[in-house]
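Protein chains: 2
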Amino acid sequence: MPDGGFGSDHLPYGVFRPAGGGPRVGVRLGDAVIDLAGLSPDGAPGGVFEAPTLNPFLRCGRDVWDAVRDSVRAAAESGADTVALGEVELLCPLDPPDYVDFYSSIEHATNLGRMFRPDSEPLLPNWRHLPVGYHGRSASVVAGGTPVRRPLGQRPPGPDGRDPSYGPSARLDFELELGFVTGDGPALGTPMPISEWRERIFGVCLVNDWSARDLQRWEYQPLGPFLSKSFATSVGHWITPLEALEPHRVDAPPQDPEPFEYLRLDEPAAYDIELEVALAPAGGGEAVISRTNARGLYWTMAQQLAHASINGAAIRAGDLYASGTISGAQPGSYGSLIELTWGGRDPVAVDGGERTFLEDGDTVVLRGRAGTIELGEVAGTIQPAPSFP
Amino acid sequence: MPDGGFGSDHLPYGVFRPAGGGPRVGVRLGDAVIDLAGLSPDGAPGGVFEAPTLNPFLRCGRDVWDAVRDSVRAAAESGADTVALGEVELLCPLDPPDYVDFYSSIEHATNLGRMFRPDSEPLLPNWRHLPVGYHGRSASVVAGGTPVRRPLGQRPPGPDGRDPSYGPSARLDFELELGFVTGDGPALGTPMPISEWRERIFGVCLVNDWSARDLQRWEYQPLGPFLSKSFATSVGHWITPLEALEPHRVDAPPQDPEPFEYLRLDEPAAYDIELEVALAPAGGGEAVISRTNARGLYWTMAQQLAHASINGAAIRAGDLYASGTISGAQPGSYGSLIELTWGGRDPVAVDGGERTFLEDGDTVVLRGRAGTIELGEVAGTIQPAPSFP
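Order-wise, the sequence lines are chains A and B.
Quick note: the first sequence uses this note's numbering, first residue 43, plus one each step.
Quick note: the second sequence uses this note's numbering, first residue 43, plus one each step.
In isolation and in its complexed conformation, chain A is listed as follows:
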């Protein structure tokens, strides 16, 4: 793949700190970064690139994003000054004012329904009518590479009627997701028409929505997941602009029933992005344990954003929306360990052993690829739980 998936057709945005300098926005080109604060591309207001996150740039909106991308592409193709990745520190590009996580894969929702509610219909009656979602914790959004500490919490009573217990999660899991980041949307009280989706969405990144399945099972009724998700959410260092994915925009799967008008769109709104998950034990080599594709998601990003806004909730620059776990129809295409091992029943093979759920020292890596575009990978290594009464 030319430039390792980071050629001049890609040009994703991130935040980095050069040796001895303050944080600034950069664009990745091959194994190097173009310093936008130094480049001063056409159309951008002063100062937006000397910032610890992409939020000031995201606040500029679509016209500025387009002008800057044109300017950066021209610079990239004519040999811009770059700094080698090895000479800079990459920071988390996002500080989302709000973070929403959806549940958009019908295969994932069906699998979890089977496991969490074995005595009823796996897909709940609302699922095909709206993109189910919930708010996550913005403070826990970290960049790939940040270690993830195993969370403490309450674990459910055993089948023998024992009391719930307290301690480190024993069923720590990853979730393979695709996230998107927005500019500002309509103000509070005004829904966003779905047709505006490509105006409002800046770009995408991989997301690992780490999950503690034992905490989740015990806490999630009736108000949804809370501590089982809020301890860490890892995102890629590089936000891929929507334009870079234009050649890979495809039709989403058909929907039945037809959704309400506010969720209808007459254009392709899915993305053909191949995804994989690799797992490496401490000191071991990695094994790819899942392969799937984002194009199979039942609910599109456009629908997710239009739904989140239909009640008048404001969309703010930097907001992060994630797809929910992306699972395909086959066991080897599931996007979480709880599905891959079917609740821990069928371990998956890893280097030198097998896994039901994550062990301390395990590293999970999410990867995504669309033609010549490589999404920024998201890695995370599990650290032991803290000691706490």
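The hints are simulated quantities; they were obtained by calculation from the structure and are not laboratory data.
There could be a bad hint or two in this list.
To be verified - So the derived list for chain B, only partly shown, Cβ under 10 Å to chain A, looks like this:
1) 207
2) 265
3) 427
4) 430
Claimed, not checked - Label pairs and their in silico Cβ distance ranges:
5) B:109 - A:162: 39 to 47 Å
6) A:207 - B:430: 46 to 54 Å
7) B:388 - A:428: 33 to 41 Å
8) A:199 - B:157: 21 to 29 Å
9) A:386 - B:200: 34 to 42 Å
10) B:298 - A:162: 27 to 35 Å
11) B:298 - A:161: 23 to 31 Å
12) A:324 - B:296: 56 to 64 Å
13) A:428 - B:324: 50 to 58 Å
As the list claims (entries may be wrong) - Covered by chain A, according to a simulated footprint, are these stretches of chain B (three or more residues, beta-carbon under 8 Å):
14) 253 to 264
15) 368 to 382
Just so it is clear, the structure is predicted and the values come from calculations on it, not from any experiment.
The C-beta atom is built at its ideal place from N, Cα and C for all residues, glycine as well.
Please build the complex by placing chain B on the supplied structure of chain A, with the hints as guidance.
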């Protein structure tokens, strides 16, 4: 009540804009405000009071909060310069990095369980073991007085098997809650010991967690409330410091079973705050439709914060945590219309008519009082839903 509940024993913090000036932090004294940017109280770093929210001040932490309160109290008692409330514009004091809503009233949780899950035990098995909570939308936190637009969304299928419908919520409700605001807590990965609660919590305010019951019933399984809550959350203009409530700190109700150690505290952690809800139709007078007290909450603020942090989730300055609807044991003490009218079955009397759920033009006012302290009231008037396909 001396100074209308805003005497020198109270001194709550807010944000205001003087005529022709920028936003700044102030302290309310009677019907006036002390401009902290002008006062420059001892102990505060420069600039924290020339800010559009309390967040910079909240970031300073307990020692600075204490020093500033001492300094402001001395100024208040010796006749500080003040600006009349009528001459300033009050702004929303909060811009919470994260907003969490709990479900801490056993009476409320039991009532809602009866209505939402009539065929099963109203209180779920986890409820007495942990403070159930979920994340809300930070972008929708607004100050009291901000109009609340009736949300659009999907309403559940009828009992006759009709399809779900789309349109304005027909079951718009309020929720009477007590919120608290924090400074910074331990960093990501480190739980906060419950003993630190008064170190970390800055103060409290009333919260109206507006709710669309029809949207909620349809969307909330399995990931919890989303659009039914995320359209607006109103908070008081004045944040009452925890110290002002010291004389009203009382024992919380007994808990059975005894909670896990991380939720145990050997000191009074409830607050004796009388609460009321008034409702006024457009052009009509107000009727008090509920009276209750915050001291009856099963889970305390200390427990809510310790629980939210036990998995290592970071606490950031300005975070808002709300109690969940506060209901007493008697029908006239319920903190929401869905409970007061028992799902719309028993209308409540208002000036010139009756209500099951809120109508356009209705104004809801939350009030709270602890001895000589009056919490900042939270009012909101319902505006019609926007027209949208």
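Checked hints:
1. Interface hint at residue 207 of chain B: satisfied, since its Cβ lies 9 Å from the closest Cβ of chain A, which is below the 10 Å cut-off.
2. For residue 265 of chain B, the interface hint holds, the least distance from its beta-carbon to any beta-carbon of chain A being 4 Å, beneath 10 Å.
3. A cut of 10 Å between beta carbons decides the hint on residue 427 of chain B: the least distance to chain A is about 8 Å, and the hint holds.
4. Interface hint at residue 430 of chain B: satisfied, since its Cβ lies 5 Å from the closest Cβ of chain A, which is below the 10 Å cut-off.
5. The hinted window of 39 to 47 Å between residue 109 of chain B and residue 162 of chain A is violated, with their beta carbons roughly 57 Å apart.
6. Remark: the range hint 46 to 54 Å for residue 207 of chain A to residue 430 of chain B is upheld by a beta-carbon distance near 48 Å.
7. Our hint of 33 to 41 Å for residue 388 of chain B and residue 428 of chain A is violated, since their Cβ atoms are close to 50 Å apart.
8. Checked against the hint of 21 to 29 Å, the pair residue 199 of chain A and residue 157 of chain B passes, with Cβ atoms roughly 26 Å apart.
9. Between residue 386 of chain A and residue 200 of chain B, the C-beta spacing of about 40 Å keeps the proposed range 34 to 42 Å intact.
10. For residue 298 of chain B paired with residue 162 of chain A, a C-beta distance near 31 Å keeps the hint of 27 to 35 Å intact.
11. Between residue 298 of chain B and residue 161 of chain A the Cβ separation comes to about 29 Å, which falls inside the hinted range of 23 to 31 Å.
12. At roughly 46 Å, the beta carbons of residue 324 of chain A and residue 296 of chain B sit outside the given window of 56 to 64 Å.
13. For the pair residue 428 of chain A and residue 324 of chain B, the beta carbons lie near 54 Å from each other, so the given range of 50 to 58 Å is met.
14. Only when three residues or more bring their CB closer than 8 Å to a CB of chain A does the claim for the segment 253 to 264 of chain B stand; here the count is 7, and the claim holds.
15. With 0 residues having a Cβ less than 8 Å from any Cβ of chain A, the segment 368 to 382 of chain B misses the three-residue criterion, and the hint is violated.
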